[in-house]
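Asker: For reference, the chains in residue letters:
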Amino acid sequence: MSTQDTQHDDLTPVPGRRKFLNTAALAGLAGAGLSVGLSSCKQEAPPAAAPAAGAAPAAASHGASPHLAPGQLDEYYGIWSGGHTGDMRILGLPSGREITRVPVFNPDPLVGWGITNESKAIMGTKADGSLRYTVADTHHTHASYKDGTYDGRYAWINDKINGRIARVKLDTFECDKITEIPNVQGFHGIFPDKADPVDPAITHTTRVFAGAEFSIPLPNDGSHLNDVDTYRSLFTCVDAETMAVRWQALIDGNCDLVATSYDGKLAATNQYNTEMGAKYEDMMSAEKDACTFFHIARIEQAVKDGKFKTYGDSKVPVVDATREANKDPKTALVAYVPVPKNPHGVNASPDAKYFICAGKLSPTATVIELGKVLDWFDGKLEDIKATVVAEVELGLGPLHTAFDGRGNAFTTLFLDSQVVKWNVEAAIKFHAGDKNAQYVVDRLDVQYQPGHLNASQSETREADGKWLCVGCKFSKDRFLPVGPLHPENEQLVDISGEKMKLIADHPVRPEPHDFIIVKRDRIKTRQVYNLDEFPNAVKDPKESGVFRNGNKVTVKLVSQAPAFSLREFTVKKGDEVTLILTNLDKVEDLTHGFAIPKYNINFIVNPLETKSVTFKADKPGVYWCYCTHFCHALHLEMRTRMIVEK
Amino acid sequence: MFSQRTLRRLLAPLAALLLTSAAHADTYEIKLPPELSSSPRLCDYAPCSEVLPGATSFSERKGQPSYVEGYRDDAGQKTKVGYVMLSTDITDIPAYSGKPVVTLIGMDTAGKFTGVKILKHSEPILLLGIPESSLVKFNNQYLGQFVGDNIEIGKSRPEENLIGLDAITGATVTVIAQNQVMMTSGTEVAKQVGILKPVIRPQARFPISDAAPSWANLVADGSVQHLVVKPEDLGLKGDGRPYMDLWFGYLNQPTIGRALLGKDGYASLMARLKEGEHAIFIIRTAGMDSFKGSGFVRGGIYDRVQVRQDKDSFTFRDLDYVNLWGLAAAGAPAYDESAIFIIRGKGFSAAYPWKLVFLGNRIDKETAAKTFANFDREYWLADSYLEGGRPEVIKPDPTWLKVWKDKALQIGAFIVLLLGVAAAYANRDRLVRRSSHKNKWRVNAFKYTGWLLSIGFVGFQAMAQPSITQVLTWFHSLLFQWQWELFLSDPLIFIFWIFIIVTVFVWGRGLFCGWLCPFGSLSELLYKLGRACGLKRFQFHLPQALHDRLKGLKYAIFFGLLAVSFFSMGLAEKLAEIEPFKTTFLVGLLNRSWPYTLFAGGLLGLSIFTERPFCKYLCPLGAALAMPTTFRWFGLKRKDECTKCKACAKGCGSLAIDTKGNIDQRECMLCLDCMVLYYDDHACPPLAQERKRRDKAGQPLTPIDARGYFIPIHPAPARSATEEKHS
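Just so you know, the sequences run in chain order Z and W. As numbered in UniProt numbering, the first sequence has no gaps in its residue numbers, which increase by one up to the final residue, 646. As numbered in UniProt numbering, the second sequence has no gaps in its residue numbers, which increase by one up to the final residue, 727.
Derived by calculation from the structure, the hints in this document are not laboratory data. The reader is advised that the hints may include incorrect statements.
Computed Cβ-Cβ distance ranges for the label pairs, DEER-style [what the hints assert, rightly or not]:
hint	chain 1	residue 1	chain 2	residue 2	range
1	W	T109	Z	N536	47 to 55 Å
2	W	L143	Z	T100	29 to 37 Å
3	Z	T100	W	T109	40 to 48 Å
4	Z	R461	W	T109	57 to 65 Å
5	Z	N551	W	T109	45 to 53 Å
6	Z	P562	W	P398	29 to 37 Å
7	Z	N536	W	G54	38 to 46 Å
8	W	A330	Z	D147	48 to 56 Å
9	Z	D351	W	P207	35 to 43 Å
10	Z	K309	W	G276	49 to 57 Å
11	Z	P562	W	P202	41 to 49 Å
12	W	M288	Z	G129	51 to 59 Å
13	W	G276	Z	R526	14 to 22 Å
In silico DSBU-like links for lysine-lysine, alpha-carbon gap of 30 Å or less [stated by the list, open to error]:
hint	chain 1	residue 1	chain 2	residue 2
14	Z	K330	Z	K304
15	W	K311	W	K402
16	Z	K435	Z	K177
17	Z	K519	W	K402
18	Z	K572	Z	K539
19	W	K62	Z	K539
20	Z	K315	Z	K169
21	Z	K353	Z	K435
22	W	K263	Z	K524
23	Z	K586	W	K78
24	Z	K524	W	K274
25	W	K402	W	K120
26	W	K117	Z	K539
27	W	K155	W	K117
28	W	K274	Z	K146
29	W	K78	Z	K539
30	Z	K586	W	K80
Computed far set for chain W versus chain Z, every beta-carbon distance over 10 Å [stated by the list, open to error]:
hint	residue
31	K197
32	P198
33	A220
34	L319
35	R344
36	E378
37	W380
38	E485
39	Y617
40	G653
Just so it is clear, CB atoms sit at the ideal spot from N, CA and C, and this is done for glycine as well.
Bound-form chain Z, shown alone (with noise of 0.2 Å):
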């Protein structure tokens, strides 16, 4: 365990680089809150001979080598959020490779996304045909659920920055849909659902939610400015397969992560602000926030049956979850179970058991019961207190919880730099007063300041206990060294055995924060695609040419290696050009490029696939449009001019 000088040590500022360094940041210069926190936590008796940190002897691996040797392939999919880059990152693991890189909401030149028409009307834009936004930072994705574990369909990542939710097929690891949420800023916590809460025949996803961290005034029109008190956060409802917005929930204080029952029932999100204060001292002075569980059924019945408000422009149906209306549990829509300060994370364990909110300010983390939640909002549970079934001390800013389905937890210290393992059953135990119940199983010395972390098929049924990924948000000098930006530390731990083992370091451009692992067997792509999903396909070399409807013009071509099918094209100055491709071959991964120079265009077309861009011929000249994913041995030879006449 620490001592309070390493504490502050560890606390040490480095002003204005990280979100969440900013929060520790704050912390320590908060100094004595934190302290009276920390020191409230420290008169509960700590555990029993909890093993000193990273002492303990590598344990016996499962065997697995994160090194694959040419040719062999990763036994799961890493489905990482890329942070400020805006996109979802595809990885191989255990080997860590990175496999692709999906744009999602920021524009990427190497596919045409935000170039090609298909694309922009995916991401949005203004009426002018510009991009509506062209920064996001995402943080958290998840994958679609059946029967409790992932079906391969869809995965979910959120935009903190301009509120919005996006789809990702997992046939194409490519996005198909993005919702911005209403009233909402600072969306963070996205988890899909489980099961429907009613019908017991849906066993799969059909729901996401969404958490909004920043209060603001509702609706945010200019009007209620300075009045703080009347900020206010809603938690959102999408539906998963036609992404519109279902409903939303207006409650008091905030919402942060999000975690979803297994029987559908039940969801929840962390608060860290349930004091709804603007300023991080405001934030932190309460002793308790809440970990708020809502009752998913009754919140739809309550929509049904027109008990929801709306706000300003948007027709999304708001019910009421504040505690002042929600007073009667066999009514309320909501349930606020407090936890200790400032909580970060709230995982659901693979035995469909118990939510799990870690203490981040607090050194511990909070072991709800899912049944006595259930319980309470049935009315067979006096105080809402008895929900909570361990409050335990792990160690110094405990933030996120991954599982090995085998009762055991893994949870991030951010602070002390290390991942605990713990076994739930022995801390409820502990907790109800068995003081002879050894909670903690292992710690492991992590490089450095471990944000997420998540285990193979963690928050599944399927939870395999194999290996751990821990998003470390500090790499310091784990890397050669690039300048003042460092990347970030991802780091593979094996969790197959008794004892952590670390097994490797992989840099990774900021900045991730969330990820699952999934076993590659869940996930089904497409090879290639077929022409008829394209409307605009140009399906025949014959169809190709220009054809005029009075300054409007459309170029039809076709790819197929080593030649486009029309050699040149003409069009006037002024005209509004339309481009159509359809790559015409067949052959898996013979992917061509398209590019305009001095147009800024660039797209490219899988095989089969047809995408269109529309521009403005504004420039006079000869335009020698090329193929720019490399495609056959005469690649270089692959053009086609483009003459705009004066």
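Since the structure of chain Z is already known, use the hints to place chain W on it.
Answerer: Quick look at chain W alone, frame taken from chain Z:
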């Protein structure tokens, strides 16, 4: 080292002498450009327009197996008129020589053959016996025939929709193989281009079972099969490791699929498949090369593996590939390459047998030319995995079996002949005792019958005259590659050789040479006839000393041929014309050019005056058989007195008895003349002497014992008799 060329140069004059006016075959063992089988532009190297009349331009090779399209130029518009294929792109069915006849085949868009051209063959029979034009004539029978018809060698049987082709007499194996080549090549291409529709087989239904077989169980019941290719099979140098070591199996069958992929893996795979699609897995547990190759990267086609069911072949595109994530069956081996392939073509049914085919490239050691080589392994779900068990399947007979069935009667008669002769010879003691110096008919009745049947039935009718070329082929097969099919393709020769090998080691080569060799029989028959016709006074033997020298010549010829064969089998086969067999029996004296007729006729003519001149001095086959005869089990009998007595030697037509009375078993034709003498108390001097002594002494003539003596009147005690035997 002796290069092939040097040797050819040295032997050329000899060959020229032999072949002076032999019609030079155009395509025999001709050297073809390596691009013929490798270049995409097949028609730059092959006379495509000759087999597809009307076509003026041709595409590059396409398809799997490959073919080209031929086009007519209609005022600038290209119109497809048909297809041209190279037989060795499609099949490597060997002909009589063990090598394929490289044939260029043209077919129009309706699937009718438009042309056939032999580019290269290695058939010796066509080189020196039957004119090559007869094969051209044979091939012309295909013109205008539809590839989907049932075309066979033999008589047409309209009631069975069977179109018959006239065979080439004496080259049955060649034409049967050629028919297979034509029909296989034609159907392969016709199916690819849609002229022939795939056969639709009823789909399998699978019984429900809770069994969870292990890998070993699956291997044992055939649900997982093993295909191994050795580097030697591809003309590569081996180091004991396999070139390709593959295991494969069918995954749709639920018991097998679940055992191999696990419950989830099976469900996931089946969810990908549409109705009528089938999945197989392949793993490579060892090997020097990839079974995926890299063709699928460029063209999207996996060009090293395919599935065949009867005549339907199923190839795999990149889109038919799915990752094999792992094998769940207990005891599954580790592997370093794996795939799940999806069979999407119509007509595949798991209820019927199919084959996994590995398509390799065989590299010729001499020329480094690549020819393709297929290796396959059959797969058929066991009864227990199919509802109602395996359906009945009639498989077409392989070429050799077809021949055996067609010739069943002849084969039966031949076996009777061989067994009859062997039985007669086995009872030679009885026969020779009943014969005498003056009357040998008891022996000769059998021998002469053997001769007549050998000459007429075996030689002229069945053309089953064994030849030294077969011995050479054996040597090569033993050393390089043993192909049962090759030897089985001529049943009479095959049976004859089994008989020859057995009898050489039991009795010596004389039983074949003296009793059953068609040419030897003819030769000695002529000698006997000559004697009977009063030509005895002109008949002669070479003096023993000269004979002893000349008899070694045949060994030299044998070893010469053997040595040449290692440089060039073709040349050795040409030089093997020292045997007049082909001229005499296979082709006919009157059908060959004059040097052959003169040579064979001369030898036969000479046979009238001296006994078996060819056998004694020239026959390499006799030499080859004479050497193992040294180790024969039962020799002819001799008496102590034989060392001094010359009676037998005088009558030995083979000149096989030397001055010390020893029989040279290597030269002996087992005519049994000396054995007749052995028991003849009027002819064998020691016996005659004893007979006369007993006559004088008034003693009775006791029977002659096995050792050729009269049984003594006062038998010696048993013990001393034993001792005597041992002495």
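Asker: It remains to establish, for every hint, whether it holds in the given structure.
Answerer: Right, here's what the structure says about each hint:
1. Between T109 of chain W and N536 of chain Z the beta carbon distance is about 36 Å. The supplied range of 47 to 55 Å is therefore violated.
2. Range check, L143 of chain W to T100 of chain Z: Cβ separation about 58 Å, and the 29 to 37 Å hint is violated.
3. Here the CB-CB span from T100 of chain Z to T109 of chain W is close to 46 Å, well matched to the stated 40 to 48 Å.
4. For the hinted restraint 57 to 65 Å between R461 of chain Z and T109 of chain W, the CB-CB distance of approximately 60 Å keeps it satisfied.
5. Hint check: N551 of chain Z to T109 of chain W, Cβ distance near 49 Å, so the stated range 45 to 53 Å holds.
6. The hinted window of 29 to 37 Å between P562 of chain Z and P398 of chain W is violated, with their beta carbons roughly 47 Å apart.
7. Separated by about 43 Å at the C-beta atoms, N536 of chain Z and G54 of chain W satisfy the suggested range of 38 to 46 Å.
8. Our hint of 48 to 56 Å for A330 of chain W and D147 of chain Z is violated, since their Cβ atoms are close to 26 Å apart.
9. In this structure, D351 of chain Z and P207 of chain W meet the distance hint of 35 to 43 Å, their C-beta atoms being roughly 38 Å apart.
10. At about 56 Å, the beta-carbon gap between K309 of chain Z and G276 of chain W stays in the expected band of 49 to 57 Å.
11. Taking the beta carbon of each, P562 of chain Z and P202 of chain W are about 46 Å apart, inside 41 to 49 Å as hinted.
12. M288 of chain W and G129 of chain Z have their C-beta atoms about 58 Å apart, which keeps the hinted 51 to 59 Å range intact.
13. Taking 14 to 22 Å as the suggested C-beta distance range, the pair G276 of chain W and R526 of chain Z conforms, at roughly 20 Å.
14. With a C-alpha separation of about 18 Å, the suggested pair K330 of chain Z and K304 of chain Z falls inside the 30 Å cut-off, and the hint holds.
15. In summary, the hint linking K311 of chain W to K402 of chain W is supported, as the alpha carbons are separated by about 18 Å, within the 30 Å threshold.
16. Among the hinted pairs, K435 of chain Z with K177 of chain Z is inconsistent with the structure: their alpha-carbon atoms are about 52 Å apart, more than 30 Å.
17. At most 30 Å may separate the alpha-carbon atoms for a hinted pair to count; K519 of chain Z and K402 of chain W exceed this at roughly 55 Å.
18. Under the criterion of a C-alpha separation no larger than 30 Å, the hint pairing K572 of chain Z with K539 of chain Z is consistent with the structure, at around 26 Å.
19. Our distance criterion of 30 Å between C-alpha atoms is met by K62 of chain W and K539 of chain Z, whose separation comes to about 23 Å.
20. Between K315 of chain Z and K169 of chain Z the CA atoms are separated by roughly 27 Å; this keeps the pair inside 30 Å, and the hint holds.
21. For the proposed pair K353 of chain Z and K435 of chain Z, the alpha carbon gap of about 23 Å is at most 30 Å, so the pair holds.
22. A distance of roughly 16 Å separates the Cα atoms of K263 of chain W and K524 of chain Z; the hinted pair therefore holds under the 30 Å criterion.
23. Taking the CA atoms of K586 of chain Z and K78 of chain W, the gap is about 25 Å. The hint holds against a cut of 30 Å.
24. Using a Cα cut-off of 30 Å, the hinted pair K524 of chain Z and K274 of chain W holds, with the two alpha carbons roughly 15 Å apart.
25. Between K402 of chain W and K120 of chain W the alpha-carbon distance is near 25 Å, which keeps this suggested pair within the 30 Å criterion.
26. For the hint pairing K117 of chain W with K539 of chain Z, the CA-to-CA distance comes to about 42 Å; that exceeds 30 Å, so the pair is violated.
27. Restraint check for K155 of chain W and K117 of chain W: the C-alpha separation of about 24 Å stays at or below 30 Å, so the hint holds.
28. Our distance criterion of 30 Å between C-alpha atoms is met by K274 of chain W and K146 of chain Z, whose separation comes to about 22 Å.
29. Under the criterion of a C-alpha separation no larger than 30 Å, the hint pairing K78 of chain W with K539 of chain Z is consistent with the structure, at around 23 Å.
30. For the proposed pair K586 of chain Z and K80 of chain W, the alpha carbon gap of about 24 Å is at most 30 Å, so the pair holds.
31. Separation of K197 of chain W from chain Z is adequate, the least Cβ-Cβ distance of about 24 Å exceeding the 10 Å criterion.
32. Listed as outside the interface, P198 of chain W is consistent with that label: its C-beta sits roughly 22 Å from the nearest C-beta of chain Z, beyond the 10 Å cut-off.
33. For A220 of chain W, the shortest C-beta to C-beta distance to chain Z comes to about 28 Å, beyond the 10 Å cut-off, and the non-interface label holds.
34. Residue-level check failed: L319 of chain W sits 5 Å from the nearest beta carbon of chain Z, not beyond 10 Å.
35. Chain Z leaves R344 of chain W outside its interface by the beta-carbon criterion, the shortest separation being 13 Å against a cut-off of 10 Å.
36. No Cβ of chain Z approaches the Cβ of E378 of chain W within 10 Å, the least distance being about 29 Å, so the stated non-interface status holds.
37. With a closest Cβ-Cβ approach of about 29 Å to chain Z, W380 of chain W is found to remain outside the 10 Å limit, as its non-interface label requires.
38. Interface exclusion of E485 of chain W from chain Z stands, the closest Cβ pair being 38 Å apart, more than 10 Å.
39. Under the 10 Å C-beta cut-off, the non-interface status given to Y617 of chain W relative to chain Z holds; the minimum distance is some 66 Å.
40. Consistency note on G653 of chain W: stated as away from chain Z, and its beta-carbon is indeed over 10 Å from all of that chain's, at 75 Å minimum.
The structure is inconsistent with the numbered hints 1, 2, 6, 8, 16, 17, 26 and 34, although it conforms to all the rest.
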